[in-house]
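J.: Given next are the chains, with one letter for each unit.
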Amino acid sequence: MKMQTRTKRVLAILNIVSWVLFVGLCIKTGAILYSFFVSLAINSEATRNLYLGLNLSDLHRFSGGHYSTVVCLIILLSGLKAYILYLVVKIFLKINFVHPFSTDVASLISRISYVALGVGILTLAGNGYCDWLTKRGVAFPDLQSYLGAGGEFLLLGGIIFMIAQVFKRGIEIQSENELTV
Amino acid sequence: MPIVVNLDVMMAKRKMSLNELSEKVDLTLANLSILKTGKAKAVRFSTLEAICKALNCQPGDILEYVEKG
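As given, the protein sequences belong to chains A and B, one line each in that order.
Counting from 1, position 55 in the first sequence corresponds to residue 41 in the working numbering; the numbering is continuous, with no gaps.
Take the position in the second sequence, starting the count at 1, then add 599; the result is the number in the working numbering.
Note that these hints are calculated values from the structure, not bench results.
Any given hint might turn out to be false.
Claimed, not checked - If you only want the chain B side, here are some residues facing chain A, beta carbon under 8 Å, derived:
| # | residue |
| --- | --- |
| 1 | Leu628 |
| 2 | Asn630 |
| 3 | Ile633 |
| 4 | Leu634 |
| 5 | Gly637 |
| 6 | Lys640 |
Computed from a prediction, not measured in an experiment: that's the story for all the values here.
Think of the CB as a built atom: it goes at the ideal place given N, C-alpha and C, for glycine as much as any other residue.
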């Protein structure tokens, strides 16, 4: 009984944390998107501080195309991470711990795993692209905090994918159990 | 599913309604309906025993194997 109360409290905290992270990532994505448009259309000086000191002015001077690609990658990854947290928030809204195995929750979990795998692959590709640009002599700030680490997301995606498969089996067992007379 | 439930046939032979059977075997109408319509995925031996006792029949009278064509 005590364990259940503690689990409920942990889940409530996780729910709040995922809401906060979701809103934070949406703000981050929106802010980078806005300053990206400003840097392209209004004032290229915005490339010096795109978001919290992100300075890509050297890259902008080197090539507008590469600059746009890198910033679009950062925006895309940030948006996808926000989408993952949106799915987590949706799970918290939909899940019923008395009958947790529902097809809605299973499809949300599998979607999270696919998006996490996509984020992992995109991050690895982005890091490789940035390394390639650095080798061509472009002075780059450390983009690790903006792009993130791809390996971790691949691992996370893989683990969630396995959990999604177990969850699907759980649904089958639950429906069999419900249809046992 | 190749297993066909002939509960409705046996009930008609014994002239027993679903409500009456439900009271005799102590099963809910919803569960009996699942069994009657062939939606059930499994039947407990205790349920089968109670139904056979109430309808005075054998398990083979209620369950039938029909190969899919």
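J.: All hints, please: hold or fail.
T.: Checked hints:
The criterion of a C-beta within 8 Å of any C-beta in chain A is not met by B/Leu628, whose closest approach is roughly 12 Å, and the hint is violated. Satisfaction of the interface hint for B/Asn630 is found here, the shortest Cβ-Cβ separation to chain A being roughly 5 Å, below the 8 Å cut-off. Because the closest C-beta pair between B/Ile633 and chain A is about 6 Å apart, less than 8 Å, the hint holds. Interface restraint check for B/Leu634: the shortest CB-CB distance to chain A comes to about 5 Å, inside 8 Å, so the restraint holds.
Using the Cβ-Cβ criterion of 8 Å, the hint placing B/Gly637 at the interface with chain A is not satisfied: the shortest such distance is roughly 11 Å. Because the closest C-beta pair between B/Lys640 and chain A is about 4 Å apart, less than 8 Å, the hint holds.
Violation of the numbered hints given earlier is confined to hints 1 and 5; the remaining hints are satisfied by the structure.
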